[in-house]
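For reference, the chains in residue letters:
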Amino acid sequence: MSFFSKMKGGGQSPPAVGFSEIAWSWVGAFLGITPVAFLNYNLFSGDDLVYIIGSFGASAVLIYGAVRSPLAQPRNLVGGHIVSAIIGVIAYKLFCPFPWFASAVAVATAIAVMHVTKTLHPPGGATALIAVIGSEKIHDLGFLYVVIPVSTGVIIMLVVALIVNNIAASRKYPEFWL
Amino acid sequence: MKFSSLNECTLPISDEDIIQAMKQIPGYLDITPSDFMEVYLVAFDHAMSRLKTAITADQIMKTNVITVGENASLIEVVKKMADNNISGLPVVRNDQTVTGIISEKDFLKRMNDDHAPSFMRVVLQCLETTGCIAADFKKLVATDIMSSPCITILPQTPLIEIAGLMDQKAINRVPVIDDKLKLVGIIARSDIVQTMC
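Top to bottom, those sequences are chains A and B. For the first sequence, our numbering gives the first residue as 9, with consecutive numbering after it. For the second sequence, our numbering gives the first residue as 1307, with consecutive numbering after it.
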């Protein structure tokens, strides 16, 4: 297939989901983000730590909205975030004088390592990027970033996914653990 | 239809079928219809090649083979074929090795000179001439009429190969021999049809 004809697409787009799927996605995401955000804004709002990062919103799409996706499974959710967080912190520490380079290296390497470790999780790319482009508060965390906010938030959201997605009659989560 | 083209002819699934299935299955499937089609096609190929080699001659052959000896008279041969309602049988030596095969076609060949012998050719010849054209059969024995050497297969020959062989050589049955060349079974076209359905 030639370069330009590939751009035409030509395949069909998948069908839309039904109402119950939309409802369960909403409920799951609401219940999953609530405790993490509450932790951040209400419980520990006084300390210097951050408990919520933007990539959790992306994870919510997958683990509450596309439950069966390989990208949404626990191995990918937990592994992808942790692997990417570590890479993000390293990239910042090594290349912080050149933020453009640190950003690019962080995301690109995160994707590669997630592939290698079979933990590909799209929000992981954001987690790696945030380690570089985040606030001073994030930078000051150093490798603690991997534990708080990343691991804590991810585990809370996973527990909610295990509960909510298995209450729904039409859902089952996870498809696999490892 | 060739067996090798089975893939194409048994592929009635369309993009519309996939979309309908995706609608029926609850939950969001994180694939495009063309993803599914690709997986399906490759998986189908795998299944086909597994099935093609999974079934071998020894699984479908008939082991109680009706045979005749090399010196059996043609009357004996014809009687055996008629009594057992079969259209062909292998000719074996005393040690059960196959020396040839006799089918209705061999009789037809003998009964007229045409290059493409058929039952109707024989009838035609009967009507045009006088006397029984099978008369000299009384003096003949199995080896006079049999096709030899004949095509044989081993017990581990896969089904797809047997079907291809029958198609290619235009034969209706093929004796199965073991590694000592002794007859162990026979496969007719009908055995293959039964296996496929």
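Just so you know, the hints here were simulated from the structure itself, not pulled from any lab data. Don't be surprised by glycine CBs; every beta carbon is placed ideally from N, CA and C. Hints may contain errors.
[As the list claims (entries may be wrong)] Selected chain B positions facing chain A (Cβ under 8 Å, derived; list incomplete):
#: 1; residue: 1318
#: 2; residue: 1329
#: 3; residue: 1334
#: 4; residue: 1336
#: 5; residue: 1339
#: 6; residue: 1442
#: 7; residue: 1446
#: 8; residue: 1447
#: 9; residue: 1449
#: 10; residue: 1460
#: 11; residue: 1462
#: 12; residue: 1470
[To be verified] Derived Cβ-Cβ restraints for the label pairs, each shown as a range:
#: 13; chain 1: A; residue 1: 156; chain 2: B; residue 2: 1355; range: 30 to 36 Å
#: 14; chain 1: B; residue 1: 1319; chain 2: A; residue 2: 147; range: 50 to 56 Å
#: 15; chain 1: B; residue 1: 1360; chain 2: A; residue 2: 19; range: 31 to 37 Å
Checked hints:
At a threshold of 8 Å, the smallest CB-CB gap from residue 1318(B) to chain A is about 18 Å, leaving the interface hint violated. Interface restraint check: residue 1329(B) against chain A, minimum CB-CB distance 5 Å, threshold 8 Å, status holds. Interface restraint check: residue 1334(B) against chain A, minimum CB-CB distance 5 Å, threshold 8 Å, status holds. Interface restraint check for residue 1336(B): the shortest CB-CB distance to chain A comes to about 4 Å, inside 8 Å, so the restraint holds.
A cut of 8 Å between beta carbons decides the hint on residue 1339(B): the least distance to chain A is about 5 Å, and the hint holds. For the restraint placing residue 1442(B) at the interface with chain A, the shortest Cβ-Cβ distance is roughly 68 Å, beyond the 8 Å limit, so the hint is violated. The interface hint given for residue 1446(B) is violated, since its Cβ lies 66 Å from the closest Cβ of chain A, which is over the 8 Å cut-off. At about 66 Å, the closest approach between the beta carbon of residue 1447(B) and any beta carbon in chain A exceeds 8 Å, and the interface hint on this residue is violated.
Hint status for residue 1449(B): violated, given a least beta-carbon distance of 62 Å to chain A, over 8 Å. A distance limit of 8 Å between C-beta atoms decides the matter here; for residue 1460(B) the minimum to chain A is near 43 Å, and the interface restraint is violated. For the restraint placing residue 1462(B) at the interface with chain A, the shortest Cβ-Cβ distance is roughly 38 Å, beyond the 8 Å limit, so the hint is violated. Contact between residue 1470(B) and chain A, as hinted, is not supported at the beta carbon level, the nearest pair being about 33 Å apart and thus beyond 8 Å.
At about 53 Å, the CB distance of residue 156(A) to residue 1355(B) disagrees with the hint of 30 to 36 Å. Evaluation of the 50 to 56 Å hint for residue 1319(B) and residue 147(A) yields a pass: the beta carbon distance comes to about 54 Å. In this structure the hint that residue 1360(B) and residue 19(A) lie 31 to 37 Å apart at CB holds, the actual value being about 33 Å.
Hints 1, 6, 7, 8, 9, 10, 11, 12, 13 from the earlier list are contradicted by this structure; the remaining hints agree with it.
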